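J.: Given next are the chains, with one letter for each unit.
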Amino acid sequence: MKRYQGLCEIGLTINGRARRVTLRPADTLLRTLRDTLGLVGTKMGCENGDCGACTVLLDGLPVKSCITLTLDAEGREVTTIEGLRDSVIQQAFVEAYGFQCGFCTPGVILNAYALLNHDNNPSAETMRSWMESNLCRCTGYEPIENAIKLAASKLR
Amino acid sequence: MISYDIVYLRPDSVAEAVAAWQQACEEGLQPAFLSGGSELLTAARENRSRPGALIDLKRIDELGAIVQTDEALCYGSSVTLTRLCQQSGFQLLSQAAGRVADRTVRNSITLGGNVCGMLPYRETLLPFLVADGSASIAGPDGTRSEPLARVFNKRLRLQSGELLVSLAAPQSAVGAASFYRRRERDGRIDYPLLTLCAVAADSTLRIAVSGVYAYPLRSLEAESALQAAGGDPDRRAAAFVEALAEGVRSDMRAAADYRRELLRQVVAEAIRELEGSV
Chain A
1 MKRYQGLCEI GLTINGRARR VTLRPADTLL RTLRDTLGLV GTKMGCENGD
51 CGACTVLLDG LPVKSCITLT LDAEGREVTT IEGLRDSVIQ QAFVEAYGFQ
101 CGFCTPGVIL NAYALLNHDN NPSAETMRSW MESNLCRCTG YEPIENAIKL
151 AASKLR
Chain B
1001 MISYDIVYLR PDSVAEAVAA WQQACEEGLQ PAFLSGGSEL LTAARENRSR
1051 PGALIDLKRI DELGAIVQTD EALCYGSSVT LTRLCQQSGF QLLSQAAGRV
1101 ADRTVRNSIT LGGNVCGMLP YRETLLPFLV ADGSASIAGP DGTRSEPLAR
1151 VFNKRLRLQS GELLVSLAAP QSAVGAASFY RRRERDGRID YPLLTLCAVA
1201 ADSTLRIAVS GVYAYPLRSL EAESALQAAG GDPDRRAAAF VEALAEGVRS
1251 DMRAAADYRR ELLRQVVAEA IRELEGSV
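Chains as they are written, first to last, in our numbering: chain A, 1 to 156; chain B, 1001 to 1278.
Hints may contain errors.
Quick list of in silico lysine to aspartate or glutamate cross-link-like pairs, DMTMM-like style, CA-CA up to 25 Å [as the list claims (entries may be wrong)]:
hint: 1; chain 1: B; residue 1: Lys1058; chain 2: A; residue 2: Asp50
hint: 2; chain 1: A; residue 1: Lys2; chain 2: B; residue 2: Asp1012
hint: 3; chain 1: A; residue 1: Lys2; chain 2: B; residue 2: Glu1016
hint: 4; chain 1: B; residue 1: Lys1058; chain 2: A; residue 2: Glu9
hint: 5; chain 1: A; residue 1: Lys2; chain 2: B; residue 2: Glu1062
hint: 6; chain 1: B; residue 1: Lys1058; chain 2: A; residue 2: Glu77
hint: 7; chain 1: A; residue 1: Lys2; chain 2: B; residue 2: Asp1141
hint: 8; chain 1: A; residue 1: Lys2; chain 2: B; residue 2: Glu1026
hint: 9; chain 1: A; residue 1: Lys2; chain 2: B; residue 2: Asp1070
hint: 10; chain 1: B; residue 1: Lys1058; chain 2: A; residue 2: Asp27
hint: 11; chain 1: B; residue 1: Lys1058; chain 2: A; residue 2: Glu74
hint: 12; chain 1: B; residue 1: Lys1058; chain 2: A; residue 2: Asp59
hint: 13; chain 1: A; residue 1: Lys2; chain 2: B; residue 2: Asp1005
hint: 14; chain 1: A; residue 1: Lys2; chain 2: B; residue 2: Glu1027
hint: 15; chain 1: A; residue 1: Lys2; chain 2: B; residue 2: Glu1039
Keep in mind the hints are simulated off the structure, nothing from the lab. Computed from a predicted model, the values in this text were never measured in an experiment.
Build out the structure end to end from the sequences listed, making use of the hints.
T.: In structure tokens, the structure reads:
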């Protein structure tokens, strides 16, 4: 049985790169990504698991990093928005005007990326059931849906 | 941010988890079992809960298994709700799991966390209540299997240091005709005013509800009243509601009278839909 207390050092794999971090066992993945590793593309919104701004992928599945302990990510593959640089999905959001202020965008893009890995031709219902995990207060959901449809068409 | 320090323990087996609890207690750490973490970590951040040690159950293989036998389907307490939606083999359970929180959070929330959590809804328990299911519970004295009717009363009655290993539903109930409805005030992602699961089994309707009381409920008295009432579905549904105990929730989402009427309507829907199966 593994036991962690006080300050401890663990290995993480983030965007395909091995990283060593020092943390408190109570640290959430959101805090470690932003405050320790400087990966500030992951946004802190509600810190309550509601808004989706902090969404990252853990072994390819979207999770809310504000309610995930960093220790949960040990031995697993973490993908943040920095890992999707120049990706098809990111470009589709630019082309389809799928963002406005951009605060929710990293979480939205990561969730959409996971969705399209799961189903590259999602129905409107499937898209809604995945994307309702992410709140957007300015762009509106239609441009986001359009961006995902554009990315899907490019990926097929 | 969680403002205080915790000790994090990651056991590899159920026996280790039980031993870890005892060890943490001996160290004065006030342990808690951690599964998906969505409730526990939020409560810790808000200082509503201050466990000194978290015993993470998610990497125990036994707790992540779904096992099918001729008699029952058995679900490990660390199975995520996303997995239950996709591959439970039990339609009612998939439906109930698929409406808790949002899709991303369901990748984290587990069956055990939902059933043993602090929130009053615990909707994934409802299919097991109507299935006359059972719970496997591990503790310092070993592992035992108990009918839910014996071990669930408003909440799962676990002793200190016990953990839920799995929930099982008999195949006879898994294959029975079933009914599911969930009603919210503001939208899909909201706590339910009412969630109702029903199955038609043994010539009767079994009904369990969440959101109506401060705990999930299956009332055998109300089911008997429904059965005895006869007549059209509205009349039988009214008899069901009439036979329920006092204490229906009244809060900012809905008044008790509203919840009772909603329940009456949904029970009538269940009767109409399952009538041919009883």
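J.: Now, for every hint given, state plainly whether the structure supports it.
T.: Hints versus structure:
no.	hint	in the structure
1	B:Lys1058 x A:Asp50	22 Å, holds
2	A:Lys2 x B:Asp1012	9 Å, holds
3	A:Lys2 x B:Glu1016	11 Å, holds
4	B:Lys1058 x A:Glu9	21 Å, holds
5	A:Lys2 x B:Glu1062	18 Å, holds
6	B:Lys1058 x A:Glu77	16 Å, holds
7	A:Lys2 x B:Asp1141	23 Å, holds
8	A:Lys2 x B:Glu1026	18 Å, holds
9	A:Lys2 x B:Asp1070	37 Å, violated
10	B:Lys1058 x A:Asp27	18 Å, holds
11	B:Lys1058 x A:Glu74	12 Å, holds
12	B:Lys1058 x A:Asp59	15 Å, holds
13	A:Lys2 x B:Asp1005	17 Å, holds
14	A:Lys2 x B:Glu1027	17 Å, holds
15	A:Lys2 x B:Glu1039	23 Å, holds
Checked against the numbered hints given earlier, this structure breaks only hint 9.
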